[in-house]
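Chemist: Take a look at the letters that make up each chain.
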Amino acid sequence: MNLRHVLKETADGFRRAWGSCLLSILTIAFFLSLLGFIALVSANIDHFKQTLNDRLQLQVFISGTLDDQQIAALSQRISRISGVAKVSFVSRELAAEEFQKEFGRELFAALEENPLPSSFVVRLGITGEDEGRIKQIAARIEEEAGVDEVVYHFQTLFTLQRYARLAATTSWILLLFVTLGSLFVVSNNIRLVISARKQIISTMRLVGATPGFIRSPLILEGALQGAAGALLAGLALYFVDRLLAQLLPGLLHLPPESLIVLLLLGCFLGFLGSLLAIKRYL
Amino acid sequence: MVELQSVRVTYANGEGIDQITFSVAPGEMVFLVGPSGAGKSTVLKTIYMDKQPAEGHVVVGDYNSLFIRKSEVPFLRRKLGIVFQDFRLFADRDVFDNVAFTLEVIGARQKEIKRRVLRALADVGLSHKARKMPDELSGGEQQRVAIARAIVNEPLLLLADEPTGNLDPETAAGIMDVLLRINTRGTSILMATHNYDMVQRYRGRIIKINNGRLVA
Ligand SMILES: Nc1ncnc2c1ncn2[C@@H]1O[C@H](COP(=O)(O)OP(=O)(O)OP(=O)(O)O)[C@@H](O)[C@H]1O
Ligand SMILES: [Mg+2]
Numbered sequence: 001m002n003l004r005h006v007l008k009e010t011a012d013g014f015r016r017a018w019g020s021c022l023l024s025i026l027t028i029a030f031f032l033s034l035l036g037f038i039a040l041v042s043a044n045i046d047h048f049k050q051t052l053n054d055r056l057q058l059q060v061f062i063s064g065t066l067d068d069q070q071i072a073a074l075s076q077r078i079s080r081i082s083g084v085a086k087v088s089f090v091s092r093e094l095a096a097e098e099f100q101k102e103f104g105r106e107l108f109a110a111l112e113e114n115p116l117p118s119s120f121v122v123r124l125g126i127t128g129e130d131e132g133r134i135k136q137i138a139a140r141i142e143e144e145a146g147v148d149e150v151v152y153h154f155q156t157l158f159t160l161q162r163y164a165r166l167a168a169t170t171s172w173i174l175l176l177f178v179t180l181g182s183l184f185v186v187s188n189n190i191r192l193v194i195s196a197r198k199q200i201i202s203t204m205r206l207v208g209a210t211p212g213f214i215r216s217p218l219i220l221e222g223a224l225q226g227a228a229g230a231l232l233a234g235l236a237l238y239f240v241d242r243l244l245a246q247l248l249p250g251l252l253h254l255p256p257e258s259l260i261v262l263l264l265l266g267c268f269l270g271f272l273g274s275l276l277a278i279k280r281y282l
Numbered sequence: 001m002v003e004l005q006s007v008r009v010t011y012a013n014g015e016g017i018d019q020i021t022f023s024v025a026p027g028e029m030v031f032l033v034g035p036s037g038a039g040k041s042t043v044l045k046t047i048y049m050d051k052q053p054a055e056g057h058v059v060v061g062d063y064n065s066l067f068i069r070k071s072e073v074p075f076l077r078r079k080l081g082i083v084f085q086d087f088r089l090f091a092d093r094d095v096f097d098n099v100a101f102t103l104e105v106i107g108a109r110q111k112e113i114k115r116r117v118l119r120a121l122a123d124v125g126l127s128h129k130a131r132k133m134p135d136e137l138s139g140g141e142q143q144r145v146a147i148a149r150a151i152v153n154e155p156l157l158l159l160a161d162e163p164t165g166n167l168d169p170e171t172a173a174g175i176m177d178v179l180l181r182i183n184t185r186g187t188s189i190l191m192a193t194h195n196y197d198m199v200q201r202y203r204g205r206i207i208k209i210n211n212g213r214l215v216a
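As you go down the protein sequences, you meet chains S and C in turn. Quick note on the numbering used here: the first sequence kicks off at 1 and runs consecutively. Quick note on the numbering used here: the second sequence kicks off at 1 and runs consecutively.
What the hints contain is simulated information worked out from the structure, not anything from laboratory work. Here the structure is a predicted model, which means the values were calculated and not measured. Glycine residues also receive a C-beta, built at the ideal position from the N, C-alpha and C atoms. Treat the hints with caution; some may be incorrect.
As the list claims (entries may be wrong) - Each computed EDC-like pair below joins lysine to aspartate or glutamate, with the alpha-carbon atoms no more than 16 Å apart:
(1) C:K79 with C:D177
(2) C:K132 with C:D92
(3) S:K8 with C:D97
(4) S:K198 with C:D92
(5) S:K8 with C:D92
(6) S:K8 with C:D94
To be verified - One-sided excerpt, in silico: chain C residues whose CB lies under 7 Å from chain S:
(7) R78
(8) I82
(9) T102
(10) L137
(11) R185
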């Protein structure tokens with residue numbers, strides 16, 4: 001099969017239905033940039049979450065009436081709770097020192113006596129994925145005799161987690177739309193090309209053109225539409241990425257490989273779209 | 001070379017052809033003559049295997065309608081040249097490219113294509129119009145282009161379905177001359193027509209068909 005023919009016929013197909021071809025390219029570009037944008041957002045959320053995860057710890061304040069032996073026993077009991085990785089003791093004195101380091105000597109000196117309780121800093125051996133689990137562990141620790149209060153600052157993490165889940169769900173739904181939408185616009189375009197070329201195609205069959213010979217320009221046209229859409233989307237994402245990086249330094253960037261993924265996805269969608277039209281209308 | 005044996009084709013409305021048996025030998029000129037609706041086009045369709053016989057079989061060269069696979073049909077058609085009453089040229093390309101198309105389909109090389117297209121155009125007397133578009137040609141000229149396209153790959157058999165049907169008698173005579181010339185050089189031709197009077201004036205075997213059956 002010769003390439004010249006395929007390219008010529010592909011160009012001809014574009015000429016015959018260029019309006020719908022452009023529409024389909026723009027639709028694919030729009031869908032794919034949306035998808036890429038969501039991917040960028042969820043990559044950043046993941047990254048941020050990871051950072052927070054590294055600081056996943058509970059602060060366990062203990063009653064002032066415990067003696068050293070009881071404190072050691074309590075430490076033992078807490079570290080045996082499943083999900084707890086490490087328990088370190090922060091004495092009242094140490095807490096006061098840290099307080100002074102952070103807020104200044106004067107403020108502390110104004111107080112009659114050291115109001116700070118002793119505490120444990122409990123590092124968890126689990127990731128922050130499981131909000132319920134963390135609360136469970138906190139509650140479990142709070143049940144221990146001698147524990148006054150368990151404090152944790154996971155609210156941001158939990159919120160973030162919700163956004164991450166939302167982003168993930170959104171991108172899956174979006175992927176579905178991208179797929180269906182792209183398949184629809186491409187196959188619609190190819191359908192128009194087929195109907196514009198109906199006469200020609202039937203004559204091609206009479207002179208002995210194989211199905212592959214007739215189909216390959218149509219397939220190529222679909223795949224090129226997908227690729228063109230993907231390139232446009234890549235361009236749009238590049239600029240969005242740059243803009244965001246200026247506004248919020250420290251954000252993750254789209255890795256260059258993602259452009260290749262985008263391009264492959266575009267080509268594949270275009271290819272599949274024209275295949276559908278061919279199966280139905282040729 | 002081409003042989004139909006007790007061929008029957010029935011359309012949904014009950015019409016069709018039945019018990020069609022004849023053959024075309026290499027180099028032969030055969031006219032298939034009958035009134036409108038007699039089944040001429042249907043006979044041709046069984047030869048280029050657009051229709052499968054419900055009974056009987058058709059042999060074209062190495063291909064037999066009983067055994068041919070769908071994927072082989074394009075290759076069978078490359079052994080045939082087909083011409084219709086309504087020309088069926090590609091309106092979007094010029095005369096040369098119309099004729100070249102047959103060779104592009106089989107993947108011939110550009111040099112080869114050029115040589116053979118120019119020769120086929122010379123055969124039908126249209127060398128000087130190679131770069132015209134179809135709509136710049138008269139009906140007779142368009143039919144010559146269609147004939148050039150059909151013979152450019154040197155077919156076993158040229159099938160012509162009412163090739164002069166759209167043309168005035170004088171132009172029709174010109175087309176007949178072209179066909180006979182091609183036949184003289186060795187290409188066998190099977191031509192379907194309702195015009196018995198015209199056909200009688202030319203040499204060639206006449207097969208009559210009526211109501212889907214051969215007439216003795
Ligand atoms: N696609 C079809 N569906 C149903 N019936 C058909 C079809 N094609 C042909 N027929 C019927 O089969 C019979 C033979 O038709 P065919 O076209 O072979 O005749 P023909 O001799 O070529 O006629 P014409 O000279 O008008 O071209 C006719 O009665 C016609 O109505
Ligand atoms: Mg007919």
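Chemist: Find the hints from earlier in the document that the structure breaks and name them by number, from lowest to highest.
Modeler: 1, 10 and 11
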